Amino acid sequence: MIRFKHVSKIYPPNVVGVEGVSLHIRPGEFVSIVGKSGTGKSTLAKLLFAEERPTRGTIEIGGWDITNIHDRDIPLLRRQIGVVFQDFKLLPMKTVYENVAFALQVAGERPKRIREVVPAVLKIVNLEPMTDRYPRQLSGGEAQRVAIGRALVHSPKVLVADEPTGNLDTINTREIVDLLKKINEFGTTVALVTHDREVVNALKKRVITLEDGKITSDVEEGRYKL
Amino acid sequence: MLVSSYRVTRFAFQNFWRNFWLSVITISMLVLTLMTVNILLLLSAVTQQAIGLVEDRIEVSVYFHDSVEQETVDGAVAYLRSLSQVRDVETISAQEAYDQFVARHEGDEQIMASLVELGENPFGPTLVVKAEQAEDFAIILDALENPQFRDAIRDKDFSDYEQIVERIRSTTDRIRAFGIALSAIFLLIAILIVFNTVRMGIFIHREEIGIMRLVGASNGFIKAPFYLEMVLMSLIALSVTLIVLFPILSMLEPQFRVYFATESAGLLAFFTRNGFLIFGLEFLGLVLVCLFSTTLAMRKFLKV
Ligand SMILES: Nc1ncnc2c1ncn2[C@@H]1O[C@H](COP(=O)(O)OP(=O)(O)OP(=O)(O)O)[C@@H](O)[C@H]1O
Ligand SMILES: [Mg+2]
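The listed protein sequences derive, respectively, from chains U and A. Here my numbering is used: the first residue of the first sequence is 1, the next is one more, and so on. Here my numbering is used: the first residue of the second sequence is 1, the next is one more, and so on.
Take these hints with a grain of salt, some might be off.
Far from chain A by the CB rule (all over 10 Å, computed), these chain U residues [said to hold, decoys possible]:
hint	residue
1	N68
2	R79
3	D132
4	L138
So the derived label-pair ranges between C-beta atoms look like this [said to hold, decoys possible]:
hint	chain 1	residue 1	chain 2	residue 2	range
5	U	Q137	A	N196	29 to 37 Å
6	U	R110	A	A181	50 to 58 Å
7	U	Q137	A	G280	28 to 36 Å
8	A	I278	U	N14	57 to 65 Å
9	U	Q137	A	M251	53 to 61 Å
10	U	Y134	A	S44	55 to 63 Å
11	A	G210	U	K123	21 to 29 Å
12	A	I175	U	Y134	56 to 64 Å
13	A	L296	U	R26	40 to 48 Å
Simulated from the structure, these hints should not be mistaken for laboratory data. Here the structure is a predicted model, which is why all the values come from computation and not from measurement. Glycine residues also receive a C-beta, built at the ideal position from the N, C-alpha and C atoms.
Given these sequences and hints, build the entire structure.
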């Protein structure tokens with residue numbers, strides 16, 4: 001599904017984001033990416049959805065070489081990769097429903113399809129009773145569920161979550177992780193960047209550890225170590 | 001496609017209203033630019049009208065000796081008519097000249113008495129030659145030096161309108177140069193203001209644009225509202241210009257009518273006759289300038 005070959009990302013002038021990263025994530029896998037602050041986890045995530053381009057090496061997603069992806073193809077890629085962030089990135093002036101619908105609107109989807117997809121997605125993330133609330137009326141966990149819902153509207157093959165639980169307490173964190181697991185069970189490949197030892201240990205899934213931009217360990221059913 | 005254009009339109013209107021005052025400033029500048037251009041056009045129309053009026057009055061009166069042969073006069077008329085610079089030749093026969101003179105001096109006993117004393121018609125035939133343009137004047141005078149009838153001509157009478165036309169021309173040319181410079185400056189300011197408006201729009205919507213990008217909105221979808229907003233502003237600017245311009249024209253029209261002593265000063269007529277062309281082209285030009293400026297702003301501030 002995802003294949004990195006000797007990927008380096010050097011930010012100008014010479015800050016190392018990641019260096020010499022090679023990895024292969026199979027379809028339907030759930031991978032946690034861990035590491036200290038500033039070790040290149042977010043850089044790795046950004047390379048996945050083409051927010052950054054690699055300085056060296058090649059990146060392939062679903063057989064598509066996105067190493068030198070053209071600007072006008074990025075929207076196509078983004079519709080196949082859902083992204084979720086620590087700060088939710090919701091539009092404050094739009095309701096829960098509108099925030100989720102927005103992702104379909106900007107992709108030019110028909111209203112009929114939007115009316116079908118949005119409620120279905122809101123059901124998956126368990127937000128049906130709150131469709132008319134605004135982001136400021138939501139808890140952190142609920143807001144993150146809206147963001148996940150929005151990431152799911154295009155039925156992406158890959159979901160990239162960069163510290164989605166960074167702003168949440170334990171209970172909300174568990175809820176979000178359970179949701180990600182559920183999405184993964186439906187067949188979506190999930191890449192979860194996290195700091196949270198509990199989360200990683202409870203997951204019992206593959207763990208990739210980064211240090212100074214390099215992969216120092218890659219273990220099936222790994223545990224958080226550092 | 002239809003759905004997208006509806007959404008793009010809604011985004012565009014949102015941009016417009018959220019930066020209401022910026023929109024007002026932008027439109028004002030566009031109106032100012034359009035107004036200067038239209039005032040320039042108005043100036044040309046007035047100049048054209050004034051020069052036309054003066055040129056209408058340009059004529060050379062050619063007086064023949066009373067002894068002249070009719071043949072010579074006819075030859076002169078035919079020759080003058082053949083000149084491209086000549087618009088019209090009016091012939092006044094000796095008898096008509098006499099009658100006109102009598103009619104003009106009917107009340108003046110002294111003149112009438114001396115005319116009677118002469119006993120015969122002292123007038124020769126007269127030609128009134130009208131030129132196409134003021135510049136043609138000299139050529140016509142030259143033509144009258146033709147040896148075929150030079151000696152039959154007693155006198156030539158003309159008023160030098162060329163100078164008047166020249167003066168109108170040089171004055172309006174100077175005003176026009178000033179107007180063009182002013183339009184150019186306004187246009188430049190308009191471009192800068194449009195540029196800044198788009199920059200502000202991008203800045204205000206940066207969060208929204210960032211999210212659009214993340215969820216896979218195409219570049220076209222992100223940019224289209226800004227373009228559409230500018231087309232909208234151009235349209236409003238043109239409407240405002242029309243609303244301001246026509247009352248001004250209606251006010252000026254009677255004034256010029258008096259000044260030119262004609263039935264119509266032709267200002268309103270000029271703008272109504274060529275309205276579609278003039279305002280169509282102005283709108284097109286404005287839109288192109290705005291789109292150009294918008295493209296520049298987006299290239300600079302809307303990095304992918
Ligand atoms: N846009 C950028 N320009 C320059 N340097 C950058 C940029 N983004 C990240 N970096 C640098 O690249 C390195 C890796 O950053 P990255 O954000 O990937 O770390 P991270 O592992 O996500 O950290 P954290 O856990 O704090 O989020 C850091 O040294 C950072 O300063
Ligand atoms: Mg990070």
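Verdict for A:I175, U:Y134 (Cβ pair) under range 56 to 64 Å: holds, 59 Å
- prompt: Is 21 to 29 Å a correct range for the gap between the Cβ atoms of A:G210 and U:K123?
  reply: The hinted range 21 to 29 Å holds for A:G210 and U:K123, with Cβ atoms some 28 Å apart.
- prompt: Far enough from chain A: is every CB of that chain over 10 Å from the CB of U:D132?
  reply: holds, 20 Å
- prompt: How does the Cβ-Cβ distance of U:Q137 and A:N196 compare with 29 to 37 Å: does it lie in that range?
  reply: For A:N196 against U:Q137, whose Cβ atoms are near 36 Å apart, the range 29 to 37 Å holds.
field: Whether U:N68 stays farther than 10 Å from all C-beta atoms of chain A, as the label says
entry: Check passes; 14 Å lies beyond 10 Å.
Distance restraint evaluation - U:Q137, A:M251, Cβ atoms, bounds 53 to 61 Å: 58 Å Cβ-Cβ, so the 53 to 61 Å window holds.
message: Within 57 to 65 Å: is that where the Cβ-Cβ distance between A:I278 and U:N14 falls?
response: At roughly 59 Å between Cβ atoms, U:N14 and A:I278 fall inside 57 to 65 Å, so the hint holds.
- prompt: Does the Cβ-Cβ separation between A:L296 and U:R26 fall within 40 to 48 Å?
  reply: holds, 46 Å
task: Can you let me know if the beta-carbon spacing of U:Y134 and A:S44 is within 55 to 63 Å?
output: holds, 58 Å
message: Over 10 Å from every CB of chain A: does U:R79 meet that, or does the non-interface label fail?
response: violated, 4 Å
query: Is it correct that the beta-carbon of U:L138 has no partner in chain A closer than or equal to 10 Å?
result: holds, 16 Å
- request: Take the C-beta atom of U:R110 and the C-beta atom of A:A181, compute their distance, and say whether it sits inside 50 to 58 Å.
  value: holds, 53 Å
Hint check: violations occur at hints 2 and 7; the rest are consistent with the structure.
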